[in-house]
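From just these sequences and the hints, can you work out the full model?
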Amino acid sequence: MTFREIAHTIRNTFRALRNGEFLLRVRADKYYMHIMYLFLLMWITIMLSLQVDKTLTRAGANKAAIEELRVHHTESEAALVKLRSASATETRLQKMGSKTALPQKPATVVKKK
Amino acid sequence: MARKESEIKDTVQGRERIHVVMFFMSMLFLFLGAWILVRIVHIQTSYTVDERVVGLFRPRVQKYVEHPVRGRILATDGRPLAISAPLYDIHMDCTVRKQEYKDKGKEEQEAGWRLKARELAVSLSREFHDKSADDWAKAILDGREKGSKYLLIRKNVDLTTLRKLQGFPLFKEGANHGGIIVERHPERIYPYDSLARRVIGYVKENNRIGLENSFDSELHGREGYEWRRVTDDYSWIRDLDSAKVEVQDGNDIRTTLNVDFQDIADKALRAQINENDDIRAGICIIMEAKTGAIRAMVNLSRGDTPQTTLWERENLVLTQTGEQGSVMKTVTLLSVVEDGYVTSLEQTLPTNHGFVPKLGIKGRPSAYPHDDHISDYERNTGRREITVMHGFEISSNYVFATLAETYYGKRPQEFLDHVYSYRLGEAFDFDIPGLRMPYVPRPEMEGVWSQTTLGTMAYGYAMSVTPLHVVTFYNGIANKGKMMKPYLVESVEKDGKVIKKYEPSALNASICSPATADTVTRALRAVVNTGTATRLKSAKLPVAGKTGTAQVVLTPQERKGNPDPYHDPMGRKKNQGTFVGFFPADNPKYTIMVTVYSYLSGKSFYGGTMPALAIREIVDKIYALDDDWRPELHPTATVPVMTEAK
Chain F
1 MTFREIAHTI RNTFRALRNG EFLLRVRADK YYMHIMYLFL LMWITIMLSL QVDKTLTRAG
61 ANKAAIEELR VHHTESEAAL VKLRSASATE TRLQKMGSKT ALPQKPATVV KKK
Chain A
1 MARKESEIKD TVQGRERIHV VMFFMSMLFL FLGAWILVRI VHIQTSYTVD ERVVGLFRPR
61 VQKYVEHPVR GRILATDGRP LAISAPLYDI HMDCTVRKQE YKDKGKEEQE AGWRLKAREL
121 AVSLSREFHD KSADDWAKAI LDGREKGSKY LLIRKNVDLT TLRKLQGFPL FKEGANHGGI
181 IVERHPERIY PYDSLARRVI GYVKENNRIG LENSFDSELH GREGYEWRRV TDDYSWIRDL
241 DSAKVEVQDG NDIRTTLNVD FQDIADKALR AQINENDDIR AGICIIMEAK TGAIRAMVNL
301 SRGDTPQTTL WERENLVLTQ TGEQGSVMKT VTLLSVVEDG YVTSLEQTLP TNHGFVPKLG
361 IKGRPSAYPH DDHISDYERN TGRREITVMH GFEISSNYVF ATLAETYYGK RPQEFLDHVY
421 SYRLGEAFDF DIPGLRMPYV PRPEMEGVWS QTTLGTMAYG YAMSVTPLHV VTFYNGIANK
481 GKMMKPYLVE SVEKDGKVIK KYEPSALNAS ICSPATADTV TRALRAVVNT GTATRLKSAK
541 LPVAGKTGTA QVVLTPQERK GNPDPYHDPM GRKKNQGTFV GFFPADNPKY TIMVTVYSYL
601 SGKSFYGGTM PALAIREIVD KIYALDDDWR PELHPTATVP VMTEAK
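Chains as they are written, first to last, in my numbering: chain F, 1 to 113; chain A, 1 to 646.
It is worth saying that the hints were derived from the structure and are not from the lab. Hints should not be assumed to be uniformly reliable.
[Said to hold, decoys possible] Once the Cα atoms are required to be at most 20 Å apart in a straight line, the calculated SDA-like pairs of lysine to any residue come out as:
#1 358/A to 375/A
#2 172/A to 88/A
#3 112/F to 632/A
#4 105/F to 632/A
#5 63/F to 249/A
#6 105/F to 617/A
#7 111/F to 631/A
#8 164/A to 68/F
#9 155/A to 68/F
#10 63/F to 87/A
#11 244/A to 231/A
#12 63/F to 228/A
#13 485/A to 319/A
#14 63/F to 617/A
#15 497/A to 68/A
#16 540/A to 66/F
#17 497/A to 70/F
#18 540/A to 104/F
#19 410/A to 340/A
#20 105/F to 538/A
#21 290/A to 626/A
#22 99/F to 620/A
#23 244/A to 52/F
#24 54/F to 66/F
#25 82/F to 538/A
Predicted model only: the values in this text are computed from it and were never measured.
Spelled out as structure tokens, the structure:
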């Protein structure tokens, strides 16, 4: 390609750009479907990324809820365990004026014949 | 026509104007495109990144460290002895929105805030009861005037209370409007308060004791971390492009402790010593005979003054070395029977008026102190001989010093070999560190070993051991000669699955033959039936054991120059009374020991009194609880089977 031809091509390109005919001249309309497909892919990528963010946010909230339930369970367990000890039961019964006390002998087991 | 020409001229001029505008716009975009190209080349080749600028464009990411939940300490039946849960400190920023509400036209909002603060004060007063609503309102509103940004509402509240507080007026509007500040901190919860606290231990920042310390590597777990980024709606989520280390919660440890036994022992011991201001401390150990598993370990003590309440202050079972007194006579009895020197408990010794036949200095009849028990025995019976069995029953020092002098006087090492084989001379490995090294004198110790050391050791003085050593020794007898290693932890678990199991092990597979153990058990049974521990005779299960009453060597400060190591100038002394034994005597399941320690006192405390009474209560209650002693009822006829009515 000679210098003249190169200069001619550049001049034509500039003219086309100036006249807004560049895409038509390079026949970009042939790639219209490809361009649309590219946009679709980009849209799906962005949408999925937002969905992942949303899922992770929900997972974090669920994790916090589970942690709260665990703490609640631990606190309840501690409170119940405290009440379950024999001396605590005995003290409560005494406070209530009950005559019920700890057993004096082990329970008798009835055996089947 | 002229009009037409002018219209054409206008149209042409208009088109030329549009053309020019379009030309300049195209040139502008062309220039911008070229500029972008130049910038791309520049950025790719020579541009240096300004981190401050980059920080503004990157999504905010921060490292989030996740702390592991400390593992639980469980009783043998799985009941929790120590668990972890966060507690919350609640403060209030009283100045919240104050500046904003100062602006003109916002006076109503300020008044509204103050009204809600008064409502909050009423709710706080109802919840905590320690301050009136007016006091709370004054504190909050004064804080607002004075600019208090950190008014303490309450420390260490649990989650339930926190949620309640977060529903109160003002606080329900959150930190930015209500001023509530919530600080979470992990906390260790011990549901049974003081029960077995010296065994379980505690964690306070970097200070740990007990099982919390010795099994910290299992309980602690491993910290994890992840990087989090902020989303478009300002939530923090994990940054999936960054590394993540999963947090590993601590493992649980299952102890051998039986909460019911611990509770019973704690209560029985308190009942004996709580009202007695002369008692400084008391311990109780219950050990399973076959395995050496410790089912209860109580360490109650007061502070320096009798007025302080009983609490698990120190692990006396492991650290209270001392001369144990007559409970160590069993060591001598076991040795002479095992060596065949005493073939029958009915074997007799001359009473010799209570003087051990060993010449004393300066014309004294014996190098040993006189035994008043023998004088009483001679006076009451008129006999000049005493059986080994009776000497054991009445806990005669004379009898046991004489046995030691007679059979081991020329070969004291033979006796010491027994002492070491009973593991009374070593600090064996235990699940909680801190077991004190016993002190056992040896003949080669010049200036320590004297002509009376052997006999003194034979009745429980001159050598110092811990209560754990004593109970382990007695457990060996209960277990027919097989001395089990005491242990406190039976397994390490993760989410309920056993990942490490600690099996029972023997310290000495045979300290004596089963026949010797049976003989000594018979002597121990006689102590309860007719000897110094008759308070245990009517226990609901037959008990075999030995009492011991020892005087404690005083410190130089306590002695105040008195040459007698056991008394101060006012004649006061420190006593310890012990009962150690096992039950049921014929087929031992548990070995038990109770010791009480006194302050300096003019009174004496005997193993046959408080310790024996505590043990009786413990034995009776264990009898009622333990499935092993359930009576069975066998029907003599066939019970008719109920059928449905037609």
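To see whether the hints hold, each was checked on the structure:
A distance of roughly 18 Å separates the Cα atoms of residue 358/A and residue 375/A; the hinted pair therefore holds under the 20 Å criterion. For the suggested pair residue 172/A and residue 88/A, the alpha carbons sit about 16 Å apart, so the restraint of at most 20 Å is met. With a CA separation close to 10 Å, the supplied pair residue 112/F and residue 632/A stays within the 20 Å bound. Using a Cα cut-off of 20 Å, the hinted pair residue 105/F and residue 632/A holds, with the two alpha carbons roughly 13 Å apart.
Restraint check for residue 63/F and residue 249/A: the C-alpha separation of about 15 Å stays at or below 20 Å, so the hint holds. Under the criterion of a C-alpha separation no larger than 20 Å, the hint pairing residue 105/F with residue 617/A is consistent with the structure, at around 13 Å. Between residue 111/F and residue 631/A the CA atoms are separated by roughly 10 Å; this keeps the pair inside 20 Å, and the hint holds. The straight-line distance between the Cα atoms of residue 164/A and residue 68/F is roughly 14 Å, inside the 20 Å bound, and the hint therefore holds.
Proximity of residue 155/A to residue 68/F is assessed by CA-CA distance (about 19 Å); at most 20 Å being required, the pair is judged to hold. A threshold of 20 Å between alpha carbons decides the hint, and for residue 63/F with residue 87/A the separation of about 18 Å falls inside it, so the pair holds. With a C-alpha separation of about 18 Å, the suggested pairing of residue 244/A with residue 231/A holds against the 20 Å cut-off. A C-alpha spacing of about 15 Å is found between residue 63/F and residue 228/A, which places the hinted pair at or below 20 Å, so the restraint holds.
Of the pairs offered as hints, the one joining residue 485/A and residue 319/A holds, with about 17 Å between alpha carbons and a cut-off of 20 Å not exceeded. This hinted pair does not check out: residue 63/F and residue 617/A have alpha carbons roughly 50 Å apart, beyond 20 Å. For the hint linking residue 497/A to residue 68/A, the alpha-carbon distance of about 18 Å falls within 20 Å, and the restraint holds. Annotation: proposed proximity of residue 540/A to residue 66/F is violated, straight-line Cα distance about 50 Å (limit 20 Å).
As the CA atoms of residue 497/A and residue 70/F are separated by approximately 19 Å, the hinted pair is consistent with the 20 Å bound. The straight-line distance between the Cα atoms of residue 540/A and residue 104/F is roughly 9 Å, inside the 20 Å bound, and the hint therefore holds. This hinted pair checks out: residue 410/A and residue 340/A have alpha carbons roughly 16 Å apart, not beyond 20 Å. For the hint pairing residue 105/F with residue 538/A, the CA-to-CA distance comes to about 14 Å; that is within 20 Å, so the pair holds.
Proposed proximity of residue 290/A and residue 626/A is supported: the alpha carbons are some 16 Å apart, at most 20 Å. Under the criterion of a C-alpha separation no larger than 20 Å, the hint pairing residue 99/F with residue 620/A is consistent with the structure, at around 19 Å. Our distance criterion of 20 Å between C-alpha atoms is met by residue 244/A and residue 52/F, whose separation comes to about 17 Å. As the CA atoms of residue 54/F and residue 66/F are separated by approximately 18 Å, the hinted pair is consistent with the 20 Å bound.
Between the alpha carbons of residue 82/F and residue 538/A the distance comes to roughly 33 Å, so the proposed pair goes past 20 Å and is violated.
Of the numbered hints listed earlier, those contradicted by the structure are 14, 16, 25.
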